[in-house]
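Novice: Now for the letters of each chain:
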Amino acid sequence: MMTTVWEEPLVALYRDRYEPMVRLAYLLTGDRAVAEEIVQDAFVNVHRAWARATNPPAYLRAAVVNGARSWGRRRNLELLRRPAPPDPSVLVADEMWDALQALPHRQRAAIVLRFYEDLPDARIAELLGCREATVRTAIHRGLAQLRKEIEP
Amino acid sequence: MTIDDDVRTMLRHRADAAQVSDDAWERIAARLDQRPPRHVGRALAAVAAAAAALVAGLLAWPDPGGQVVLRPAAPTTLPPHVWAAPVGRTLAEAATGYVELRTGLTGGRQEPVMTDRSHGTVRFTGDGVETEVFLHRVGGRWLVLAAASDLVPIFDPSYDGSTFAASVVAEAAGQLTVSVREKDEDGASEGFTGVFGDVVGVRHEVTVRHERRGEPGIGLLARLMLDDGTVALAEVWSEERDDPATSEGHLVAVWPATDAEGIESLQTLADSGERSDLLDPRAVAASFLTEVLDGSAGFGVQDFQQGDATSGEVPYALADGADGTVLVRRSGGEGAIWYVVGATSSSLEIVDVRREETHVVADVRASMDGTLQWTGAPPVGVRGGGIVSIGRPDTPVGGYPVVVRLVEDGTTRAVVAELSRT
Numbered sequence: 001m002m003t004t005v006w007e008e009p010l011v012a013l014y015r016d017r018y019e020p021m022v023r024l025a026y027l028l029t030g031d032r033a034v035a036e037e038i039v040q041d042a043f044v045n046v047h048r049a050w051a052r053a054t055n056p057p058a059y060l061r062a063a064v065v066n067g068a069r070s071w072g073r074r075r076n077l078e079l080l081r082r083p084a085p086p087d088p089s090v091l092v093a094d095e096m097w098d099a100l101q102a103l104p105h106r107q108r109a110a111i112v113l114r115f116y117e118d119l120p121d122a123r124i125a126e127l128l129g130c131r132e133a134t135v136r137t138a139i140h141r142g143l144a145q146l147r148k149e150i151e152p
Numbered sequence: 001m002t003i004d005d006d007v008r009t010m011l012r013h014r015a016d017a018a019q020v021s022d023d024a025w026e027r028i029a030a031r032l033d034q035r036p037p038r039h040v041g042r043a044l045a046a047v048a049a050a051a052a053a054l055v056a057g058l059l060a061w062p063d064p065g066g067q068v069v070l071r072p073a074a075p076t077t078l079p080p081h082v083w084a085a086p087v088g089r090t091l092a093e094a095a096t097g098y099v100e101l102r103t104g105l106t107g108g109r110q111e112p113v114m115t116d117r118s119h120g121t122v123r124f125t126g127d128g129v130e131t132e133v134f135l136h137r138v139g140g141r142w143l144v145l146a147a148a149s150d151l152v153p154i155f156d157p158s159y160d161g162s163t164f165a166a167s168v169v170a171e172a173a174g175q176l177t178v179s180v181r182e183k184d185e186d187g188a189s190e191g192f193t194g195v196f197g198d199v200v201g202v203r204h205e206v207t208v209r210h211e212r213r214g215e216p217g218i219g220l221l222a223r224l225m226l227d228d229g230t231v232a233l234a235e236v237w238s239e240e241r242d243d244p245a246t247s248e249g250h251l252v253a254v255w256p257a258t259d260a261e262g263i264e265s266l267q268t269l270a271d272s273g274e275r276s277d278l279l280d281p282r283a284v285a286a287s288f289l290t291e292v293l294d295g296s297a298g299f300g301v302q303d304f305q306q307g308d309a310t311s312g313e314v315p316y317a318l319a320d321g322a323d324g325t326v327l328v329r330r331s332g333g334e335g336a337i338w339y340v341v342g343a344t345s346s347s348l349e350i351v352d353v354r355r356e357e358t359h360v361v362a363d364v365r366a367s368m369d370g371t372l373q374w375t376g377a378p379p380v381g382v383r384g385g386g387i388v389s390i391g392r393p394d395t396p397v398g399g400y401p402v403v404v405r406l407v408e409d410g411t412t413r414a415v416v417a418e419l420s421r422t
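Each protein sequence line maps, in turn, to chains V and W.
All the letters of the first sequence, read from the start, carry residue numbers 1 to 152 under this note's numbering.
All the letters of the second sequence, read from the start, carry residue numbers 1 to 422 under this note's numbering.
Keep in mind that the hints were calculated from the coordinates and are not lab data.
Please read these numbers as outputs of a predicted model, since none were measured by experiment.
There are no misleading hints in this set.
Pair by pair, the computed Cβ-Cβ distance ranges are: (1) V:Ala144 x W:Gly300: 46 to 56 Å; (2) W:Arg392 x V:Ala49: 43 to 53 Å; (3) V:Pro120 x W:Thr163: 36 to 46 Å; (4) V:Asn55 x W:Ala15: 14 to 24 Å; (5) V:Glu8 x W:Gly201: 48 to 58 Å; (6) W:Arg209 x V:Ala33: 43 to 53 Å; (7) W:Gly194 x V:Ala49: 46 to 56 Å.
To give an idea of the interface, some chain V residues facing chain W are shown, with a C-beta separation under 8 Å as derived from the structure: (8) Tyr14; (9) Arg23; (10) Arg32; (11) Val44; (12) His140.
Using N, Cα and C, we set each Cβ at its ideal position, and we do this for glycine too.
Produce the entire structure from the sequences given, and follow the hints as far as they go.
Specialist: Following this line, the structure appears as structure tokens:
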């Protein structure tokens, strides 16, 4: 892999964070291919903003979360026009996973960022662009919906 | 296992299913090679300085409660509120008076913030009280719209004319008391009726359901006293109509003048590249001025000054008139579209906006002679230094755009805008 001097920090970030970010994006979107696309877009954005990003890994995560939200909006429009066929590559049916993917983006993202990334509510609020109380509301409602879906 | 544990386990299991392609870096590098060389952007210190300037500018706005209002408005209807301060109180005094009334405590450290000309918040922390009070100034009088605390949030309050429902969650252990309040026919409060009072643990949830047919509104007050004596306070008032903050169809922006759903629609267009102009706050400010001025004045805009991740301002100057700032906001971080929530002017000020039966009326102060113009309203002459009222027929609920120009000899000399909640 050929690199130039100014790419070295980006390469280091890629080696350290690409795979974890793909996992995060997958949890947010439920689609493996889309997850990689979002993360690759995020790396391009990080490169563009490198001069003013004081914390590139945090910027990268924010770009992934925003990318997932944007993808969700476009997908919702497409589903309105043309419902998607079932994905044959989906793993064994998992009611909770399906219920998570059906949540609104903010609720899903808040749950993933708290229970998978183990982020504090203040950090989640920064990533989602809302107040901490809104984060707690989103998690409360999201968990309530998940509970309703999986309980007999 | 709790639901939290189930979710955590499910996420960790599912994350393992995510796959990484072998040529991921090559794809990223190929896209980087296609981009023009990056240039060094502004240092974050400049952004922080702009943020500090924005905050300083907000704090430097005149304290409405302390200023003499030349022609105070006399509103015939008031927005839903939990308490009305006596006339003449400042923002901080009104909030402190409310907190003392509800807790018996003086409130401790306060952080008053004016969010626009007629709205403000005061956060209380330490010394026994934890709450954030939201206020709205109407006719020179501060109304407490609600109080909120992260320690005792109130979820989904609603009243449909016969049943009031809400849930209250204690985010910390302590003594939780929940009360409801009704108004009698004359509009005065009948006092609080307790519906819950007990020592609770963390994340204890209380569901409130209060049957009361025919009342104009129902209030809910939640107080959580912690072991150290701190009181967390939350209060809301629900009336039998849509909550303007959440209902569809209520404007959330002056420009584009649209509701929350409209913003989402524009966001999808921006994401697809069709309306990428909305991703540039300076361009958004310029588009707003172009539309509002409609050829009646030339103008120039300066660089965007970011206040925080979701708000900032764009300074502007009219070619033959006053200067000011366009206030812009976005609902998310990087990639979210920007929209205009107001515009200030060095020569024009909206003192108050109120609803009068079939009209919306704005009281406007001008520092120069001219004619005030507002689409849909008869023009009104004004003398420099005076306050006049300009009204247009409408009976809005929720956010309402007020955009007023001061015109002289056919040229706009000043423009001001805000999204008022009448």
